[in-house]
Amino acid sequence: MVNREQHEASSQPMGHESGGTTAGQRRGLRNVPACLLTFAILFCLWILLSGRFDAFHLTLGVISCIMVTLFSVDLVFPEGSLQGIGGTWLRFLGYVPWLLYQIILANLHVLYLVFHPRMMDLIEPEIIRFQSKLHSDLSLVTFANSITLTPGTITVYVSVDGDFQVHAIDKKSGEALPGEMEARIARVFGEQ
Amino acid sequence: MLVIALLVVGLVFFTGGGVGILRFPDFFTRLHPAGKLDTLGSLLMMLAVAIYNLEHFSWEALLTSLKIMLIVLFIFLSSPTATHSIVDAGIRAGMVPWRKETPEEKAE
Amino acid sequence: MQYVFLYAGLYLCILMLLSLYRAVFGPTVLDRLVGVNAIGSKTVVLLILIGLIYGRVDMFVDISMAYAMLNFIAVLAASRYFQKRKGL
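Residue numbers (my numbering), protein chains in the order written: chain B, -18 to 173; chain Z, 446 to 553; chain F, 7 to 94.
One chain only, chain B, in its complex shape (with noise of 0.2 Å):
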């Protein structure tokens, strides 16, 4: 039941967007920025794993781009539109840092708990529950993978409107959950 919702919510601006065949032709046709970006995307990604530079391989290379660019712009970029990306991406660039300070700190923790001695005695779990103020899709899975990357807290349960439920393993990952990170992610994201 409950993943039936998060599934509609994640296909919903696919179906939006592919409304009828000749609408999505249009706008497929339209915003060409996008089709030029993911064939950028995934050519880097051909060159980087392949590994060859002979013609051959670069042809084949640039067929299988451009087919893959026609049958996935609309999954990329499902807005269509560029504008902000590159700001969006120089901040997440900007948050990545900061992200893996605060995982090698969450692990020392779990590290510390794991070779504890009385170690039943220090772990409390429990699941919290909060309402998030985040509001797009995108930032709504950026922080639900965070809180699962840092350790002590796995993300239960999202729901569309920001409804979370964390599963922390003592009281000391759980009491500081919706604080600093959420509002780094509003930041990165442009939401207020």
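No wet-lab data here; the hints were simulated from the structure. Just so you know, even glycine gets a beta-carbon here, dropped at the ideal spot from N, CA and C. Check each hint, because a few of them may be wrong.
Claimed, not checked - Reference listing, derived: stretches of chain B covered by chain Z, where coverage requires no fewer than 3 residues with Cβ under 8 Å from a Cβ of chain Z:
(1) 26 to 39
(2) 120 to 133
Claimed, not checked - Here are the computed distance ranges between Cβ atoms for each label pair:
(3) F:R62 to B:F111: 45 to 53 Å
(4) F:L12 to B:D144: 43 to 51 Å
(5) F:Y9 to B:G75: 35 to 43 Å
(6) Z:T526 to B:R72: 21 to 29 Å
Based on the hints, put chains Z and F in the right spot on chain B.
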């Protein structure tokens, strides 16, 4: 030297993951070390291998190192998803997370 | 330097035995799934270490990447398969 230090720290995190899987009381808590100490451990060990691979610089070695970092990126994207998926299956199967209040009867 | 990678790989194998204990004797199905997931994430690193020992990292990197994707898909499929089953 840096390579050996990164390898050893990564192995320490992997050890924490392995021991944590054995020691924690129920599977919700077991997921904490399993899903995430392993993620950081593989980040550190892959970083060590990528740096060691660049010791004799060539373009192919650079390409291989970039591929290794691509694997790390993929692990960082996929590991929380797998963890969330397992937790979701457990919640929907009706498992109750282990609570502190009654440790005697739950632990036995 | 080869010996460092060799002993690191051996140590990873011992850790995989620990996870294998959880995968074999786990009380519930999901415990086994956790153990299998942990073994998979260690195998990805172990494959690259094997590549360094044999001096063919460029080949083993591709195998390792394929294994990482396979592990992810396998865990996802298994946990979707076992959902809504009471009394795991």
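Now the hints, each set against the structure:
no.	hint	result
1	26 to 39	holds (count 3)
2	120 to 133	holds (count 7)
3	F:R62 to B:F111: 45 to 53 Å	holds (50 Å)
4	F:L12 to B:D144: 43 to 51 Å	holds (50 Å)
5	F:Y9 to B:G75: 35 to 43 Å	holds (41 Å)
6	Z:T526 to B:R72: 21 to 29 Å	holds (23 Å)
Checked against the numbered hints given earlier, this structure breaks none of them.
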